[in-house]
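**Q** With the hints as constraints, model all of the structure from the sequences given.
Protein chains in written order, with numbering that gives the first Met the number 0: chain A, 0 to 134; chain B, 0 to 134; chain C, 0 to 134.
In short, the hints are calculated from the structure, not lab data.
There's no promise every hint is true.
When the alpha-carbon atoms are kept at most 35 Å apart in a straight line, the in silico DSBU-like pairs for lysine-lysine are as follows [claimed, not checked]:
hint, chain 1, residue 1, chain 2, residue 2
1, C, Lys-27, A, Lys-13
2, B, Lys-25, C, Lys-106
3, A, Lys-66, C, Lys-24
4, C, Lys-106, B, Lys-128
5, C, Lys-66, A, Lys-128
6, A, Lys-106, B, Lys-27
7, B, Lys-27, C, Lys-66
8, B, Lys-128, C, Lys-24
9, C, Lys-5, B, Lys-106
10, B, Lys-128, C, Lys-76
11, B, Lys-24, C, Lys-27
12, C, Lys-66, A, Lys-25
13, B, Lys-106, B, Lys-128
14, A, Lys-106, A, Lys-128
15, C, Lys-76, B, Lys-13
16, C, Lys-128, B, Lys-66
Taking beta-carbon pairs under 7 Å as the criterion, some of the chain A residues facing chain B (in silico) [unchecked claim]:
hint, residue
17, Phe-11
18, Tyr-29
19, Asn-30
20, Gln-40
21, Thr-42
22, Asn-51
23, Asn-71
24, Tyr-75
25, Lys-76
26, His-88
27, Ile-89
28, Pro-96
29, Ser-97
30, Thr-132
Residues from chain C that keep clear of chain B, each with C-beta distances beyond 12 Å, as calculated [unchecked claim]:
hint, residue
31, Lys-5
32, Gln-10
33, Gln-40
34, Phe-74
35, Tyr-75
36, Gly-124
37, Ala-126
Values in this document were obtained by computation on a predicted structure and should not be read as measured data.
We treat Cβ as the ideally placed atom computed from N, Cα and C, and that holds for glycine.
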Amino acid sequence: MTSQIKITLPQFPKGFHLITTEIEKKLKDYNHTGLAHIFIQHTSAGLAINENADPTVRHDLNLAFDKLAPENMPFYKHTIEGPDDMPAHIKSILVGPSVTVPVENGKMLLGTWQGIYLCEFREYGGARKIIITLI
Amino acid sequence: MTSQIKITLPQFPKGFHLITTEIEKKLKDYNHTGLAHIFIQHTSAGLAINENADPTVRHDLNLAFDKLAPENMPFYKHTIEGPDDMPAHIKSILVGPSVTVPVENGKMLLGTWQGIYLCEFREYGGARKIIITLI
Amino acid sequence: MTSQIKITLPQFPKGFHLITTEIEKKLKDYNHTGLAHIFIQHTSAGLAINENADPTVRHDLNLAFDKLAPENMPFYKHTIEGPDDMPAHIKSILVGPSVTVPVENGKMLLGTWQGIYLCEFREYGGARKIIITLI
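**A** So, in structure tokens, the structure goes:
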């Protein structure tokens with residue numbers, strides 16, 4: 000039995016944001032055991048799993064990704080949507096559009112320090128659509 | 000019920016290439032709801048999801064990945080298969096060998112701008128084998 | 000039917016390490032066809048798939064990742080756990096916490112040159128907990 004749950008996250012500023020609670024709330028209604036596949040339907044944002052406690056990790060990740068995919072590289076041809084757009088595509092490929100997490104009786108089996116991140120790579124990315132598939 | 004579909008893609012030149020249509024064609028025969036896991040059986044190519052419209056995104060990604068994993072780094076020991084080989088392994092780790100996409104009645108639930116990419120990191124990578132698992 | 004198998008890997012030194020055999024041993028007890036999702040419950044280590052033969056690939060990957068996420072970047076705020084900690088978080092996001100592999104009759108359908116890597120990004124990361132979900 001497959002369940003597909005569609006959610007829309009409000010606009011977040013550029014950066015890495017914890018959304019574990021939003022996902023947990025949705026899973027509570029299903030007493031599922033198996034996997035939760037969480038997928039973002041966008042090409043300039045991603046999903047990842049990392050440190051859920053110290054917010055300086057998320058601060059540093061934002062700046063580290065700016066170094067990995069800088070704005071205004073002289074070879075960029077895809078520039079019409081603003082200087083943050085092409086870096087956002089590169090960063091999205093690096094983190095990926097989905098995370099898959101083992102689930103037991105409706106509870107994600109995350110490690111002690113693991114949280115789920117929305118990785119917003121645009122300055123004004125707008126609302127972001129996510130599909131959770133339980134399998 | 001699990002279905003596993005094996006496909007072979009012809010050789011593509013080094014770069015990022017849209018293969019959404021090839022995958023869609025294979026899914027058409029199955030009225031599947033759940034997930035499609037698409038896996039490449041190689042270590043110097045990868046699969047990713049990104050912008051399906053403007054080809055300059057794929058052009059820029061190719062050059063951005065050349066910056067992330069340059070050829071001829073002085074510390075490389077794995078050099079016998081040519082200057083594009085070790086960078087191809089690094090890039091493959093960065094994008095990953097698989098993408099997983101939610102599917103409803105045989106149709107992938109991709110966002111408006113999302114397409115599936117073959118990321119070919121060798122100059123002459125040859126044909127590439129892919130396994131699609133429907134679950 | 001879902002099976003979840005929990006394993007603990009002993010401490011490995013910083014670097015990329017083949018753990019294909021450890022995973023294969025666990026799958027042998029299940030005559031599974033479908034997917035194996037392998038998930039690490041940590042934020043400073045990851046899992047990946049790459050070259051299973053020449054060990055120089057793993058040597059070069061280690062140094063290439065040190066270039067991608069250097070220690071002691073002046074903007075790092077998350078420094079209390081040592082110079083290798085923030086780079087470990089960045090590298091973990093880049094490789095991801097899980098790999099998903101097609102499986103047929105208990106055998107992973109890896110390509111000829113593919114092996115499963117534990118990517119240990121801390122100098123002394125300790126034992127690492129992994130959950131394999133068969134689906």
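**Q** Taking the hints in turn, state whether each one holds.
**A** We went through each hint and held it up to the structure:
| no. | hint | in the structure |
| --- | --- | --- |
| 1 | C:Lys-27 to A:Lys-13 | violated, 45 Å |
| 2 | B:Lys-25 to C:Lys-106 | holds, 24 Å |
| 3 | A:Lys-66 to C:Lys-24 | violated, 41 Å |
| 4 | C:Lys-106 to B:Lys-128 | holds, 17 Å |
| 5 | C:Lys-66 to A:Lys-128 | holds, 34 Å |
| 6 | A:Lys-106 to B:Lys-27 | holds, 34 Å |
| 7 | B:Lys-27 to C:Lys-66 | violated, 44 Å |
| 8 | B:Lys-128 to C:Lys-24 | holds, 25 Å |
| 9 | C:Lys-5 to B:Lys-106 | holds, 34 Å |
| 10 | B:Lys-128 to C:Lys-76 | violated, 44 Å |
| 11 | B:Lys-24 to C:Lys-27 | holds, 34 Å |
| 12 | C:Lys-66 to A:Lys-25 | violated, 39 Å |
| 13 | B:Lys-106 to B:Lys-128 | holds, 22 Å |
| 14 | A:Lys-106 to A:Lys-128 | holds, 22 Å |
| 15 | C:Lys-76 to B:Lys-13 | violated, 38 Å |
| 16 | C:Lys-128 to B:Lys-66 | holds, 34 Å |
| 17 | Phe-11 | violated, 17 Å |
| 18 | Tyr-29 | violated, 15 Å |
| 19 | Asn-30 | violated, 19 Å |
| 20 | Gln-40 | holds, 3 Å |
| 21 | Thr-42 | holds, 5 Å |
| 22 | Asn-51 | violated, 23 Å |
| 23 | Asn-71 | violated, 12 Å |
| 24 | Tyr-75 | holds, 5 Å |
| 25 | Lys-76 | holds, 4 Å |
| 26 | His-88 | holds, 5 Å |
| 27 | Ile-89 | holds, 5 Å |
| 28 | Pro-96 | holds, 5 Å |
| 29 | Ser-97 | holds, 6 Å |
| 30 | Thr-132 | holds, 5 Å |
| 31 | Lys-5 | holds, 21 Å |
| 32 | Gln-10 | holds, 22 Å |
| 33 | Gln-40 | holds, 19 Å |
| 34 | Phe-74 | holds, 19 Å |
| 35 | Tyr-75 | holds, 20 Å |
| 36 | Gly-124 | holds, 18 Å |
| 37 | Ala-126 | holds, 23 Å |
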